[in-house]
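Chains as they are written, first to last, in this note's numbering: chain E, 42 to 274; chain R, 108 to 394.
Everything labelled a hint here was simulated from the structure, so no lab data went into it. Since this is a predicted model, take the numbers as computed values, not measurements. The C-beta atom is built at its ideal place from N, Cα and C for all residues, glycine as well. One or more hints might be untrue.
Below, a list of computed lysine-lysine pairs in the BS3-like style, where the Cα atoms sit at most 27 Å apart [as the list claims (entries may be wrong)]: (1) E:Lys174 <-> R:Lys370; (2) E:Lys148 <-> E:Lys208; (3) E:Lys262 <-> E:Lys208; (4) R:Lys370 <-> E:Lys148.
Just some of the chain E residues that point at chain R, by a computed CB distance under 10 Å [claimed, not checked]: (5) Gly111; (6) Ala142; (7) Ala188; (8) Ala211; (9) Ser212; (10) Thr216.
Here chain E is said to cover these stretches of chain R; the calculated rule only asks that three of the stretch's residues, wherever they fall, bring their Cβ under 8 Å from a Cβ of chain E [stated by the list, open to error]: (11) 152-163; (12) 241-254.
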Amino acid sequence: MLALRDIRVSYGAIEVVHGVSIDVAAGECVALIGANGAGKSSTLKAICGLVPVSGGSVQFEGRDITNASGHAVVQAGITMCPEGRQVFPQMSVIQNLRMGAYTRTDKDQDADLARMMDMFPILRERQSQAAGKLSGGEQEMLAIARALMARPRICLFDEPSLGLAPKIVASVFETLAQIKAMGMTILLVEQNSMMALNLADRAYLFEAGKIVMAGPAKEMKSHPDVMRAYLGH
Amino acid sequence: MLIEILQQTINGLAIGGVYVLIALGLTTVFGILGIAHFAHGSISMFGGYLTFFLVTSQGLPVLAAIPVALATGILLGLLVEMLAYRPVRHANHINAFIVALGLTMMVEGINLQLFGHEQVVIPTGLSRVFRFGGITVPELRLYVIIAAIVLVVAMMVFVERTKTGQAIRAVAENRDAAILMGVNVKSIPLIVFGISTALGVAAGIMVGALFAIAPGIGEGFVVKGFAVLILGGLGSFPGAILGGTVLGITESIAAGFISSAYKDVIAFVVMILVLLIRPQGLLGRTP
Numbered sequence: 042m043l044a045l046r047d048i049r050v051s052y053g054a055i056e057v058v059h060g061v062s063i064d065v066a067a068g069e070c071v072a073l074i075g076a077n078g079a080g081k082s083s084t085l086k087a088i089c090g091l092v093p094v095s096g097g098s099v100q101f102e103g104r105d106i107t108n109a110s111g112h113a114v115v116q117a118g119i120t121m122c123p124e125g126r127q128v129f130p131q132m133s134v135i136q137n138l139r140m141g142a143y144t145r146t147d148k149d150q151d152a153d154l155a156r157m158m159d160m161f162p163i164l165r166e167r168q169s170q171a172a173g174k175l176s177g178g179e180q181e182m183l184a185i186a187r188a189l190m191a192r193p194r195i196c197l198f199d200e201p202s203l204g205l206a207p208k209i210v211a212s213v214f215e216t217l218a219q220i221k222a223m224g225m226t227i228l229l230v231e232q233n234s235m236m237a238l239n240l241a242d243r244a245y246l247f248e249a250g251k252i253v254m255a256g257p258a259k260e261m262k263s264h265p266d267v268m269r270a271y272l273g274h
Numbered sequence: 108m109l110i111e112i113l114q115q116t117i118n119g120l121a122i123g124g125v126y127v128l129i130a131l132g133l134t135t136v137f138g139i140l141g142i143a144h145f146a147h148g149s150i151s152m153f154g155g156y157l158t159f160f161l162v163t164s165q166g167l168p169v170l171a172a173i174p175v176a177l178a179t180g181i182l183l184g185l186l187v188e189m190l191a192y193r194p195v196r197h198a199n200h201i202n203a204f205i206v207a208l209g210l211t212m213m214v215e216g217i218n219l220q221l222f223g224h225e226q227v228v229i230p231t232g233l234s235r236v237f238r239f240g241g242i243t244v245p246e247l248r249l250y251v252i253i254a255a256i257v258l259v260v261a262m263m264v265f266v267e268r269t270k271t272g273q274a275i276r277a278v279a280e281n282r283d284a285a286i287l288m289g290v291n292v293k294s295i296p297l298i299v300f301g302i303s304t305a306l307g308v309a310a311g312i313m314v315g316a317l318f319a320i321a322p323g324i325g326e327g328f329v330v331k332g333f334a335v336l337i338l339g340g341l342g343s344f345p346g347a348i349l350g351g352t353v354l355g356i357t358e359s360i361a362a363g364f365i366s367s368a369y370k371d372v373i374a375f376v377v378m379i380l381v382l383l384i385r386p387q388g389l390l391g392r393t394p
């Protein structure tokens with residue numbers, strides 16, 4: 042469904058992703074794990090058109106979307122739930138959710154809105170509050186729901202657990218598992234490798250802008266190098 | 108005394124409406140692009156001049172000239188965005204600032220060349236005066252107040268209730284997140300400049316009909332517009348509306364009770380006092 046071939050990402054003269062290839066099949070949940078600064082988030086941003094790709098290609102459902110502009114990527118069916126939540130702070134919860142459906146013109150948007158609030162009851166409770174007034178965990182739920190409002194064919198999650206209390210992290214991952222169970226294709230970037238490997242079907246391990254290991258999540262979890270370096274065993 | 112205060116309040120509402128329209132344009136542009144669009148006042152007055160020209164030289168009825176001027180305003184807004192500000196979009200902020208100052212001088216020069224240095228008043232033919240109790244309201248002033256309210260409400264509805272309006276807010280609050288929602292962030296500045304300039308032109312027409320347009324008036328209004336933004340709280344729509352109304356009424360009451368020569372002084376003294384107590388502005392958020 043999504044195929045990255047040898048993509049490179051640079052910020053100015055400094056290249057941070059040195060040619061990585063990633064495949065995500067429909068219905069699959071793939072995790073990108075690795076240390077901070079390994080190039081995982083940059084890879085996601087390059088897919089979404091937030092940073093330019095300096096080499097290689099991005100294919101989505103057979104179409105080349107390399108360096109397509111951000112809104113074209115969303116229209117193609119790719120939505121990202123960004124790092125640090127990035128809700129619109131002064132807009133209400135409802136307005137944030139409706140922004141998620143910005144590119145949609147169908148009539149089911151209200152029904153989806155209700156569905157999201159069934160899934161996240163806290164959002165119904167807080168529906169007319171400014172999103173900036175929500176707690177970190179609530180904002181994460183809002184960001185996830187907002188991404189789903191686009192009815193994407195693949196959903197990218199960038200560090201959903203970042204800066205959240207352990208208890209909230211667990212509930213975020215429960216939510217992701219729920220979304221996965223709904224059949225959503227997921228590409229997840231996460232520093233919390235254990236959580237990510239428990240959720241994902243397959244994973245890629247990033248080190249210094251390169252993929253150093255790839256395989257089924259179960260195998261990665263028991264690989265001695267991964268255990269030593271990233272799982273704290 | 109009470110009658111007199113009410114009278115001045117009504118007078119202040121008309122000029123306050125003009126300030127609000129100018130300030131709404133400035134605040135939307137500032138919110139999206141972070142630009143202090145100083146040329147806004149001069150372009151607004153160009154719209155007033157244009158209406159005057161269409162009515163007096165071309166013999167158009169005022170009601171036909173106004174839509175033409177507003178449409179020209181939208182077009183000018185698009186041109187300003189594409190030709191003046193887009194090239195410096197990714198440059199240092201000081202560049203956009205210099206462009207804004209240069210553009211102001213350019214538009215002032217164009218106004219002077221095209222329309223001369225004489226002050227002009229748009230002839231509306233509205234000369235009836237309504238009386239409510241002891242308060243007299245000239246017909247024209249009433250229509251200006253109503254038009255300002257209609258435009259402000261329309262703008263609020265547009266921003267709060269339409270997808271495009273919400274996209275404008277979203278880009279102002281978080282540009283990257285707006286891109287991830289599928290907003291085409293290249294088209295948003297165009298829309299913002301089109302609408303802002305049309306609102307400015309509406310204000311220019313009001314000034315031309317109520318008072319007079321002359322060289323330099325536009326710069327005065329843009330300074331007042333920024334004063335309104337700071338008074339109301341930067342980036343706040345309701346703040347711009349409240350700030351503009353307060354400034355208009357304060358000026359008018361000062362002119363009525365003290366001296367019209369001091370009306371600007373008193374208006375700015377009130378502004379300084381408000382900012383001493385609430386540095387974030389009347390409806391601004393504490394950063």
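Okay, the hints, checked on the actual structure:
{"no.": "1", "hint": "E:Lys174 <-> R:Lys370", "result": "violated, 41 Å"}
{"no.": "2", "hint": "E:Lys148 <-> E:Lys208", "result": "violated, 37 Å"}
{"no.": "3", "hint": "E:Lys262 <-> E:Lys208", "result": "holds, 22 Å"}
{"no.": "4", "hint": "R:Lys370 <-> E:Lys148", "result": "violated, 54 Å"}
{"no.": "5", "hint": "Gly111", "result": "holds, 4 Å"}
{"no.": "6", "hint": "Ala142", "result": "holds, 8 Å"}
{"no.": "7", "hint": "Ala188", "result": "holds, 8 Å"}
{"no.": "8", "hint": "Ala211", "result": "violated, 25 Å"}
{"no.": "9", "hint": "Ser212", "result": "violated, 22 Å"}
{"no.": "10", "hint": "Thr216", "result": "violated, 19 Å"}
{"no.": "11", "hint": "152-163", "result": "violated (count 0)"}
{"no.": "12", "hint": "241-254", "result": "violated (count 0)"}
The structure does not agree with the numbered hints 1, 2, 4, 8, 9, 10, 11, 12 stated previously, though it agrees with the rest.
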